[in-house]
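Trainee: Use the sequences and the hints to build the structure in full.
These protein sequence lines are chains A and B, in that order.
Residue numbers for the first sequence follow the numbering used here, so the first one is 1 and each next one is one higher.
Residue numbers for the second sequence follow the numbering used here, so the first one is 1 and each next one is one higher.
Take the hints with a grain of salt, since some may be wrong.
To be verified - Derived, one-sided and incomplete: chain B residues facing chain A with beta-carbon distance under 7 Å:
#1 Q82
#2 T123
#3 M151
#4 T176
#5 E187
#6 L189
What the hints assert, rightly or not - To give a feel for the contact side, a few chain B residues facing chain A, derived at Cβ under 8 Å:
#7 D27
#8 A54
#9 A84
#10 G130
#11 V137
#12 N148
#13 G152
#14 N178
#15 A181
#16 A182
#17 M185
#18 P188
#19 V199
Since the hints were made in silico from the structure, they are not lab data.
Beta carbons: idealized from backbone N, C-alpha and C, even for Gly.
There are 2 protein chains.
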Amino acid sequence: MAARAHVADRLAALVARRESQVVLGLDPDPERLWPKAARHGGAGEALDADAAPAAHAAAAVLDHCRAVIDAVAPAVVAVKPQVACFERLGAPGWAALGAVADHARSAGLFVLADGKRGDIDVTATAYAQGFFVGGAVAGLDADALTVNPYMGLDTLRSFAAVARDADAGLFALVRTSNPGAADVMDEPLARGGTVWERVAELVAELGDERRGPESGLADVGAVLGATQPEHLARARELLPHAIFLLPGVGAQGGRVEDLEPAFAPHRAAGLVTASRSIVRAHEQAGASPADAARAEAERLRAAAWALG
Amino acid sequence: MAARAHVADRLAALVARRESQVVLGLDPDPERLWPKAARHGGAGEALDADAAPAAHAAAAVLDHCRAVIDAVAPAVVAVKPQVACFERLGAPGWAALGAVADHARSAGLFVLADGKRGDIDVTATAYAQGFFVGGAVAGLDADALTVNPYMGLDTLRSFAAVARDADAGLFALVRTSNPGAADVMDEPLARGGTVWERVAELVAELGDERRGPESGLADVGAVLGATQPEHLARARELLPHAIFLLPGVGAQGGRVEDLEPAFAPHRAAGLVTASRSIVRAHEQAGASPADAARAEAERLRAAAWALG
Chain A
1 MAARAHVADR LAALVARRES QVVLGLDPDP ERLWPKAARH GGAGEALDAD
51 AAPAAHAAAA VLDHCRAVID AVAPAVVAVK PQVACFERLG APGWAALGAV
101 ADHARSAGLF VLADGKRGDI DVTATAYAQG FFVGGAVAGL DADALTVNPY
151 MGLDTLRSFA AVARDADAGL FALVRTSNPG AADVMDEPLA RGGTVWERVA
201 ELVAELGDER RGPESGLADV GAVLGATQPE HLARARELLP HAIFLLPGVG
251 AQGGRVEDLE PAFAPHRAAG LVTASRSIVR AHEQAGASPA DAARAEAERL
301 RAAAWALG
Chain B
1 MAARAHVADR LAALVARRES QVVLGLDPDP ERLWPKAARH GGAGEALDAD
51 AAPAAHAAAA VLDHCRAVID AVAPAVVAVK PQVACFERLG APGWAALGAV
101 ADHARSAGLF VLADGKRGDI DVTATAYAQG FFVGGAVAGL DADALTVNPY
151 MGLDTLRSFA AVARDADAGL FALVRTSNPG AADVMDEPLA RGGTVWERVA
201 ELVAELGDER RGPESGLADV GAVLGATQPE HLARARELLP HAIFLLPGVG
251 AQGGRVEDLE PAFAPHRAAG LVTASRSIVR AHEQAGASPA DAARAEAERL
301 RAAAWALG
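Mentor: Here it is in structure tokens:
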């Protein structure tokens, strides 16, 4: 692959330059797009009236995502497209995901594909080829992909092998913010600790194999729900060099002030993800969608940056 | 949704009619397709020379999958397309997956989408809408989807809600067959048992909510690696009404003779998945790919059916 810098070093440089640790989550719901995109009067390609509903929806979703990216790009370092929201639109949705990633890159942003994929050896490799680059056909060229660790470290290694060839990274689910997270992740183990703490150890083992020479941060990070701040300090002990991807701020109730342990090793060691609180800010604020989103993203950027 | 019978009852009827519990795994690797498909001289749509590599690969993959389905359909009850192998081809791959599902249905087969998806509430719903039917746009209309339980029961419930509206089902990962499965799934819990046994209890709880009135089988099954037969009897205790999806027979070393506990509650309570051992049978047998695949699928069908 083309030699580019270690993914964590690239991210750290971007965080420093933009003074931002905010990630824009893109979870487009065709029923709740910004008005211009919903009418499909935006910059997207015109579709004839016979096009399939999925093609119309995908075109509207693409317009919406481009408009949101254009509004908030200066305040954020990355987009996190929720793959499910594109996948449900079938082939046109998948094409829209690629176009959204291109648009984010052209705005200078990282692309963190939130796919939560998990599978064994050759299948993990196939998924990774779809999201990174290096396979027989062009992948999404994401900077990172979220992965599910339930099937074990060897499955994460298969993803990491493809990611590393592309100088990209992974974020493994460690402890999420949904109520049911307690069912499996919080189970106490006979050896001590919980399932998620064991997973954190596995993620640390993998990530420590390849840390950025400048930032010292690992290329395998952890997804940690921001709604459970008591977990962050413990996770930081287990994962001293990992970048934490922190969903749940805003609409899900997490407070940016509680995220300080995430940033302890490095300013780029915590990425604050917000989606609905940015994209739907106008529903509270009364301003235009773009102005309200920009203001909310900037508010979040300043609040996180003030933590260190 | 259109009222069709409970997914387990539909499957049980199909198993009885075909006297088969065999599932054809479709994991197409563009580098290892059957010769005619690889040359793209088959029934697929002709592509011009300017088409993108992914479109060529997707067309060849579709030809291959159609040929394999045509060869082995009489001996099997379902196809299990590995979503990763289509997803890595981007939008054309996703379109090919839909066409493969259509072809399998027209051959009278169930479609078990092996996507191992897992996510929270609205995101789980979005994934489920892509694989089932009932969303704003046409989904894949699969009969079942494999899902990952790491994030907890509430995440599985979100998938189940969409599946149930479509009279479709789920297979949750319980204990897989890869070496790394021990890392998380086999961890002993402080309360007794292992992580995978705890997951089995959660899957049983969900599946027992909706059992087929004729078969008595649940609409949420379990993925259990066939390479670890010692787990099957224990899993059957914890999941008395679940259909087990059993990958790993053949190329991965699992023996069909060891699968008897799977079939204890019902002939349709165990589905034996084979992929490479069928699709690549000609590499051992010397016959044509179609003849060798048909013979191997029929051998596997008879061996499993003889167990009860």
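Trainee: May I ask which of the numbered hints given earlier this structure violates, with the numbers listed in increasing order?
Mentor: none
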